[in-house]
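Trainee: Between the sequences and the hints, there should be enough to build the whole structure, so can you do that?
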Amino acid sequence: MIRISQLKIPCGHREGDLENRIRKILRIPNGKALQFEIRRHSVDARKKPQLFDIYTVDVDLGEDPKAEKKRVAKLKNKEIALAAPTVYSFPEAGSEKMAKRPVIIGAGPAGLFCALMLAEHGYHPLLLERGKPVEERDRDIRNYWKTGALDPSSNVQFGEGGAGTFSDGKLNTQINDKTGRSDEVLRIFTQAGAPEDIRYESKPHIGTDKLMEVIPAIRNRILEAGGDVRFRATVTRLEVRGGAVSAVILEDGSRVETDLVVLAPGHSARDTIEALFEDGIPMEQKAFAVGLRVSHPQSLIDKAQYGICDREQMKRLGLSAASYKLTARTSSGRGVYSFCMCPGGYIVDASSEPGRIAVNGMSEHARGSLRANSAIVCTIGPEEFGGDHPLQGMFFQRELEEKAYSIGKGAVPVQSFLSLKEKFEERVAKGSGENSIESGEDPRLYGQDLCIRGNWTEADLSGLLPPALTGDFLEGMEQFDRRIPGFAGPEAVTAGVEARTSSPVRIPRGEDLQSQVRGLYPCGEGAGYAGGIMSAAMDGIRVAEAIRRRFEVPDPDTVREWKEKIQAGSN
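Taken in order, the sequence shown gives residues 162 to 732; the numbers are from the numbering used here.
Just so you know, the hints here were simulated from the structure itself, not pulled from any lab data.
Among these hints, one or two may not hold up.
[As the list claims (entries may be wrong)] Keeping only pairs whose Cα atoms sit at most 30 Å apart, straight-line, the calculated DSSO-like set for lysine-lysine is:
no., residue 1, residue 2
1, K231, K364
2, K371, K476
3, K169, K476
4, K307, K371
5, K339, K227
The structure displayed is predicted, hence computed values, not measured ones.
Mentor: Spelled out as structure tokens, the structure:
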């Protein structure tokens, strides 16, 4: 296999142009058969509005390795090399006997992928999810956005698929991943119905609408392989005896005996984390980031990134809605950056607790809305949480979300960026200030679709974050405006609060991936080891590998006993 990198073709090229370029570069006559696979694709807009597709392709000429090596050497092109694709391999089983059924807490990407790998290799895991199947969850979420009736166990944060299901479905990946886990995750997603292009696009995404089909397909694979999935099964306690896991206790009082628990609760399972902390599970503070969700007309972003914003022209060139990734360092030294950018997307009410408001961003696969949004967040370390308690970062998040709820009177508080800047400057000048905006005051918010899912209201966000964070947020926005003209202009709209960028807690684990409590495997974003769908899924696979290396595959009699307990309702 021969790999060609940095293969450049003008956007809007015809279907056969890529193969013709490959033949020209490798000096392959038209009569000779070849097969190729796109390994990576991106758009080069450095000379906008002249735009180019950039490909990395692996080419199979049907030649033996010696002939391929000779061909590559003869071409003397630094962008041509022998390809060595990483092939994922699940490890060999260990020798320790698995006496009790493994339990996985949480059906987000970490839990789902851990369960899938264990199920398909004979370990018959039991997956416990506090929320509902994704089909029912979708109805609950849309009902909440319409009526404001929140189900604390079935919302944007909780339920099958995890928080990422109601986001853009971004799959940040590394083509040179040495373990092959990233390719394995993408392969599983495409087998479950995700678009094939996620395997090579530089900024792959599935979209919430497609995830509605993909997640159930992964669930069905787990079931077909011998795993079990139980919904509406909130874990409230972890039973520990002699420094080792002995059982999990559910909200309904039922007890599941086990000596192996994969803890993958997601970054918003605060009640679960609090309960486990009270049970003595070691935890520590972790830095994260907080800020506001900011949206702009998608045309503004398209024009800045591509040099064009006409949708028909973009379609002819094969361009999707433009995205951005921005970072800044403020005069105070704080990092400010864009997070979870959603082209052609929606700001969504992502709350999961009564009396608190959290926002996030979401896009469907087509990214077809008229606005782009992203969280613009400021880094914050434990020294700013306001205390030494291991869960202090979580308490800080709750405080901000309660404040957002109060400011918005139960709805998502929204303010134009220029109004926010003006109100904050007034606060600084006065030394204090009250939230004093009346709904309908700022005409910049009305007469257009702001693409917000859930109830929203005009409100003053200038006092939502601590003053130091608001000041750095504004400074970061001004820096971003120099890169994307209009970013801090009259069309920018802010909404709050965005405080769940990652878990504020880490559950320490050793080289064998176990906690200090034997048999407990902290996993994914909620445990502090991932940030997003891709890294969480990969961490789920990594934990499954650790379990595989430790345990032999249970024999049929043992599995039968586990299944009988499930049927009897005792496990």
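Trainee: Under the constraints set out in the numbered hints, which ones does this structure not fulfil?
Mentor: Result: hint 1 breaks, nothing else.
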